[in-house]
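S.K.: Chain by chain, the residues:
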Amino acid sequence: MLCSSSRRYLHLVSRMAHPSIHIGVIVNTVSDRWRGNVASRQSSPRSIVSVLTFIEMSPKRKLQATADFDEYALKDVPGELRKCDQNLAAAVVLDFVYESGFTLRRLGKHEAERPAFASATWEDVATNFQLDASIDYHQLELFSYPVASLPPSFHREVMKASAKWLDVYQERGAHKRGAARMRLMDAWHVPVCSLFKGRLVDQPESFMPETPETSRGQVDHKVYMTEGIILLVMELKLAFKSVQDHIAQVLLELCSAFEINSDEEFKPQPPVYAILTDLEDFHIFRYDGSQFTRIKKIIVSDESRVEYLSGMQKGDSAAMRTDEILLAGCRGWTGATAALQSPGTRAVTTNLQTTTKGEGWAPSTFVSSRSDRAKQKAARPEDFMDEEDLQELKDSRKLVDTTDEMNLTSDSRGGVAEPEQDSLASALETTLLPPPSDSAGARILKKMGWRLGQGIGPRVSLRKRKLQDMELSLGGRVSSELVNIPDDDEEDRKDDSHGLGYNPGMGLHESVGGKKAATSAHGPQLAAGFGLGALNDADEDDLDVYDGGPTSHRRREAYDAIDRDEEDTFAIGGRSQRGKKPTVRPASSVARFRDGQPVLAGFILSDKPVSDDRWFPLPDVPKGWTPDPRRVWNKYNNKENMSEQREPLKASGGWDSKITADERGAMLGETPLPSAPRSVFEFMSKKDRERLQNIAASQSQPSFTPGTTTHPSASSPPETIRIPKTEPHIAQAALRGFQPFAEDPAKQSRYNAYLQSQIGTDAAGPPLQPLPAQRVDEFNKEAEDYAKAALLFKPMSSAMAGRFTSAAVVDHGPKIPEGLHTPSHEDIAKKEEEKRIEEEENLSPKAHAVRMGMYGPLTRETKPWQPARLLCKRFKVRDPNPEPEMAIPSEPAAPGSNWQQPDIPMASTSAETGGEGSSGSGSWGAARKGPKDISNIGLGEDEDQGRDTLTYERPTMDVFKAIFASDDEDSDDDKGEPAEEPPLPVAIPMTVLMAPSTDPTTAVSSFAPMDDGPVDLSSFKPTFIPREGKLKKDKDKDKDKGRDKDKEKKEKKKREKEKRAVLSFAMDEEGGEELAPKLSKDRPKKKKQRKEKRGAGDDDDGMWVEKPAAEAVKDLVLPPPPPQLLEDENVADPGGPPRGRKRAVDFL
Amino acid sequence: MAPFPGSQSLPRSIHVSLESHKGPVNVARYAKGSAKYILTGGQDRTIRLWNANLGTEIKTFAAHGYEVLSISVSHDNAKFASSGGDRSVFLWDVATGVTTRRIAGHMGKIYAVEFNEDATVVASGSFDATVRLWDLRAINRQAIQVLDEARDAVQSIHVGSTTIITGSVDGHVRTYDLRKGELRSDYIGHPVTSVVPTQDNQTLLVTTLDSHVRLMDATTGKMLNDFTGHKNTAYRCRACFGHGEASVLCGDENGLAKVLPPSPPPKAHQKVITWTEYHPTDANEMLTASADGTVKVWRHPETET
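Going line by line, the protein sequences match chains R and B.
Residue numbering for the first sequence is 1 to 1148, as defined by UniProt numbering.
Residue numbering for the second sequence is 1 to 305, as defined by UniProt numbering.
In case anyone wonders, no lab produced these hints; they're calculated from the structure.
Worth double-checking, as some hints may not be accurate.
According to the in silico footprint, chain R covers these stretches of chain B (three or more CB under 8 Å from chain R) [claimed, not checked]:
#1 95-107
#2 176-186
#3 284-295
Each computed DSSO-like pair below joins lysine-lysine, with the alpha-carbon atoms no more than 30 Å apart [as the list claims (entries may be wrong)]:
#4 B:K32 to R:K846
#5 B:K32 to R:K876
#6 R:K863 to B:K59
#7 B:K109 to R:K873
#8 R:K237 to R:K296
#9 R:K623 to R:K160
#10 B:K109 to B:K22
#11 R:K164 to R:K296
#12 R:K830 to B:K231
#13 B:K32 to R:K863
#14 R:K835 to B:K231
#15 B:K32 to R:K873
#16 R:K846 to B:K22
#17 R:K831 to B:K231
Glycine included, C-beta positions come from ideal geometry on N, C-alpha and C.
Whenever a hint applies, use it, and build me the whole structure from the sequences.
M.R.: Right, dumping it as C-alpha cells:
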C-alpha cells in the first residue's frame, strides 16, 4: 500500500520555529489511492507532487483520529491539497501516518536523502549544480561588481566603531562560537545596512525554503534582507574545517535564498550574494538563478588589532567589498522593484523603505503549474502559519526597531515618491542623507557625536563636501581643482575648542600684543561680533581687539592646508591627482632660517634679532699663554697702590671705572660718614675678631693653600660663615624683649648669644659659632633667622620694653606625648577624678541637695500652673485661677492692712498669680491649708479671694504727688470704670469687715470721713480717692489686658454708667484737689478697702459702697450661710464699716 | 497611716503563671473593682486579658503595631486604654475587643497612659517629654492640655482626683495640682521610672534608676524613706505598695521580687521584672510581670487551698 513505496518520497521539508508544530512531509504520489492532479504531479520537474501537512503533537504520539486531522491540519493544508476532497486527503494522510508509523525521527532519516545546509558536501552539491566535484570552488567564475564608495568619513567612523566593538567582543581568537563572529561583523555591516534600511536577521532557527538540491535547512547565521528580500547570506564559521563543504553549504543557502526572493516574481530576478567567513578568509559568492560566481578570496590578517582593522576597512578590504556588494545588490533590487511596481498595486517607494510584504497567508488559487512553472513557489513556513505566528515571526526578526523612527528627514523625503527616479540616484541619495529612522547605525553614529544635518563622518568643509558630491555624482575621482568654492565660504565654521577670537598658532609674541607684522591692507580688523551690518563703518569700538594680526591668519591657512592633505589620503581608491592640487598656502609660510633650514610650521621668522648684544671679536691669544690672573692683580697693585682687599673685588667685577662714594671719600681723605657699619667684625671686640679670624683661618686652611688665600675666588667659597648684622640697639632691645625660641632653650641661648654678639660691646659674649655638626649653610640660615627674629620681636621701644617682663613660663598648650600613646590607668583615673570633682563643683544646689539626700524645700520647686478649663471641668474641680470676669470687679478694691497674712510661701505664689486677678477678698491663706477656719467662712471655696490685695504695695505718697499733683483732669473718664457698678444687695457679706483686722482703728478711721460726708449727690466730694483708685486700676487694667470679651462688654456698660457719675464728679474736682494732701494718709487704706469692696462688683458707686467681691460670691456653689455672716459682721463691727455700708446704700 | 495589716509576709507562692506572651511583658494591671482579671501588655504587641484566679487567657487584643508599654483600665472595667510604640493611645472596648478610638498626637512612644477617676480624661506620657491630656467625652483631635514641663521622657503618670503626678527621666516628679493651680516639681536626681502614691495621696513611692525606691512626702517633698537593696539601673521596674501600704514591693533586674523592708527575696522570674502590682483589695494576692514573658500571680499558700 502506501507504506514502503511512499517512503521513498518522503522529505522533510521544514521544521517550523513554532515548537509544538511540526510540519512534515510528504509525498509525491502516495499510492494508487492518490488520484487526479495529485498523481499527475509525479512527472513534475521538481518531483514534488504535493505537500501535505499534518500536525503532530509530539513525535511519538500518533494522530488519533480524523477529527484531529480536521482540526489541526486541514486549515493549513496547502491549496493544492485543499482542492481535493478533504475527506480523501485526510484519509490519505491518516492512512499514511498509521501505516507508516510515521514519526519525526523517521522523517529525520529520510531527511538524509537530500542534504540540508549543514550536512552539505562539496561532492553532492557540485554534482547537483553541474559543477566538477573533483576540483574546488575556483572553477566558479569571477563576477564583477560596480565599484562604489561611501564617503571616507563614513568609513572612518565605522572604523572607530569597530575598534570599540573589538574591545567588547574581543578578537577572533577569543571566540567560542561562530555566532560571536556575527557581532563583530555587525560593527561593519550595521551602519552600511542601515543606509539601505536593511534588516539584519540573525536567526539560526529560521528556515530557508527547500530547493531541489537541498532539503529545507537553516542558514546558520546571517541574512541581510531588505523588507523580505534577501540580499546577502552570511555563513560564519568558527574555523574552516573543510572549505569545500562550507562552500557547498553556502551555495545551497544561496539557492534557497534565491528561492525566497522569487516570491516577489521579479523579472529578471536580481542575484543573491553570500559571504562565507571565519573572519579571516572572506569568500563571496553570487547566485543569479543559473550560475554561481565568486570574487577573489579576501584575507584579513588578525595578527594584531591594527592590522585586522585596516584589513577590514582599507583598500581592497572585506568590509569594502561587502559594502560594494550590498550597494550593488541594492541597486539591483531597487531596479527590479521599480520594474515590478510600475503598474503596481502596492505603494512601494523606490528606495524600498516602506515596502511591505507578505501580510498573512492567503490561499493561492490553483493554477496549473504546468503553464507557469517559473512561478512555482516553494511552500514557505510562513504559508503554514496563521496570523499570530506570522506576527511573532516578524517581531522576532526585527533586530532593528522600526518603530523608533527619527522622522526628522521626512520633510525632505516626504511621501512624494518619485517612481521614475533613477534607482541608482535614489540609492545614492540614501547613502548621503542620514538614515530616516533611528536605526542601529544611526544610533551608533549619534553616540559617536553625529547630529542630524551633519552628514556622516567628521565635520566636512564645504569644499570637501562639494568634492565628495561631485565624486559621487560623477562616479569617479574628481580633482579638487574642479570644485570652485570661494574661500571665504569656507572659513566660517568654528570647529575647534579655542576661545573666541583666538587664532590657533598665534605665537606668544603676538598674543601678548607685541609688534605686529605689517598689517593687512584692508585696514582695521573688525571684531566679528553682533550688530555690525555690512554698511556700517568701522568704528573704533568695532575694532577687533583680539585680532591676532595677519600672521595668525596665515598660520591658520597653513593648518587648513594640512587638513586637506589629510583628507586626500582618505580618498577612495587612491587619488592620482593628489599632488596636483593647488596649494593655497602662501609663500611666506615656507620661510627659512638664515642657515637654510625651513621654519617650523606655525613659527614666523622674526625680522629682528633676539637682542642687541654687541659682540667683539676675541683678541688673538698668543701661543703658549696660560691665564694667570694674579699677574694682572699684582700689576694693579703696583700701579694704583690700593689696598689688597679691594683690588680683587674690582678685578672680579670688572668695574674699574666705578668707585663707590666711600672709596672716593677715602681717596679724597674725607672723614667717613657715620654710615651704618658694614661688617659684623666691626662690632666685635678686638679679641673676638682675632678669635674669629683664627677660627676662620683654621677652617680654611685645609682647603686652601696659603698661596691661594689671596685669590679672591678661593677666599670666598660658597660656604662662608655669614653672620647677618643687627643694629646694636635692636639687638639690645630684642635681648630684653620677647624670647621667640623660649620653647627650645638651647636655641634661645644661641639666639641670645647672637644678640649679645651683635650689641657690640666688649662685655658681650663670644660671637655666634656654628655647632659642631652644623653645616655652614645651615648655620648661616640660623643666623639669618636670628637676625629676622630680632627685628621682628624687638619691642616697640625700649621705654615700652621696660614695662614688661617676660613671663617665667610660656604657655605652649597641652603637652602632647610623641608617638602612639596609651594613657595609663592612673591617668585615666586621675582624669575621671578631676572630672568628678569638677562636676561636683558645678552641681546646682538642687542636685547637691539630692546628693546629700536632703530632699525637701531644696529640691522642691513650686510654680503656678494653669489647668485648662475643660480639664478642671472634667476633674470636677474649680478653676484655681478663675477667669478675668471675676478678677475685674476685684481690682479697685482697696485691701485693708489687716489682710496681710504672715504666710510667706503663699505670698510668694500669690505674687505671681495674684496679678492675674483673683476674686474678691478673703483670707485665702488660711483656706489653703486644709480645713477652713472661721475667718474664711463666707468665701466659699474661693481660696484666692483678695489675693491681689495682699500683694499690693502702695507706693509712697510722693510718687503720687509727683505724678498727679498738677493735672487731674486728663484721665477722668477712665477713673470711673470700677466705681460705677450697681450696688449689691445688702445681704452680701462684707468680707472686708469680717476679716480679722489687725488694725481695726485704721480701718475705722479710714471709713469715717467718707461716712461722715454728705450723702447728697450734688454736694458730695468724692474726688481724690478715685485718683489713686484709678492709678491702681490702670495698673490692673494693664495686667488684665487680653481678657475676655465678656469683660469688655461689661466694662462698656460700666462706662456708660460711669459717665454719668463722672459728670457729677467733675464738678467737684477742684475741691478735691485741695483735699488731697490732707487725706493722703488715709487714702491708701481707703483705697484698699475700696478695692475689696469693688470686688463685689456691680454697684454704680462702688467706690463708696463697701462691698465684698460679689461675683465670686455669686459663683459659689454654696452660698455662705447667713448666720455666719452675721456673726462675722458682728465681729468686725466695732470698726464701724457697717455704718458706712449702710450709708452708701442710702447714698444711692 | 493605717496599722499594718500587711505586716504579715507577702504572698510567696505562685498561684498561676500566665505565659502566653511571646516576649517581655511590659505591663500588667489588675482590673478595677474586685479585680478578678488581669490585663497584660507586652513586647509582642498584644494585650491579653486573664482570669487571675484560673490563670486562663480570656482574650487577646491585637491592634498595636509596636510594643505595648502601658495599660490603664477604666473605673467601670468597660474599657481600657493602652499605649506603646505606636505613638498613639488606643482605647479599647473590653467586650468587643476592638479599639474605639486611637488618639494620635505624641511624637514618641508613649510610656504611660492613665485614666482619670471617671474615665473622662486620659493622660498619656511620652518619650517626647510631654504629658497630653485627652478629652474622652468629646471627640476632639487636640489634647485638652499639654504638660510640657518635663525635660525628658515621661515614664509614669498617676492621675488622682485633683492631681496629676508624673515621673520623668529628667529626674523630676511633678505634681500638677488642679485645685491650687500649682505645679510642684520635686527633683529626685535620677531618672524616675514610676511614681505610685499612697491611698491618701500624702506620700509618693518613687522608683528611680539608681536602684533606689524612695518614699516622698507629697506635701513637703521630703524623703520619708529610702529603700535599696535591689538592682534597677536600666529598666522600668514599677514598684508598688504592699497590701495596706505596709510594705513596698519592687522588681529587680535580676528577676528578684524584692520586698522592702527587706526579707529574703524570692527568685520570681528569669529576667528583669517590669511590673509589680498588688491586688487592690485582696491582701493575699499580687502579680509580677517580667521580661521573661510571664506574668505570675502570687498568693499565700494558705489561701490557695
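S.K.: Each hint needs a verdict: does it hold in this structure or not?
M.R.: Each hint, compared with the structure:
| no. | hint | verdict |
| --- | --- | --- |
| 1 | 95-107 | violated (count 0) |
| 2 | 176-186 | holds (count 11) |
| 3 | 284-295 | violated (count 0) |
| 4 | B:K32 to R:K846 | 39 Å, violated |
| 5 | B:K32 to R:K876 | 21 Å, holds |
| 6 | R:K863 to B:K59 | 45 Å, violated |
| 7 | B:K109 to R:K873 | 28 Å, holds |
| 8 | R:K237 to R:K296 | 18 Å, holds |
| 9 | R:K623 to R:K160 | 70 Å, violated |
| 10 | B:K109 to B:K22 | 20 Å, holds |
| 11 | R:K164 to R:K296 | 29 Å, holds |
| 12 | R:K830 to B:K231 | 28 Å, holds |
| 13 | B:K32 to R:K863 | 34 Å, violated |
| 14 | R:K835 to B:K231 | 26 Å, holds |
| 15 | B:K32 to R:K873 | 24 Å, holds |
| 16 | R:K846 to B:K22 | 43 Å, violated |
| 17 | R:K831 to B:K231 | 28 Å, holds |
Figure legend: structure checked against the earlier numbered hints; hints not met, in rising order: 1, 3, 4, 6, 9, 13, 16.
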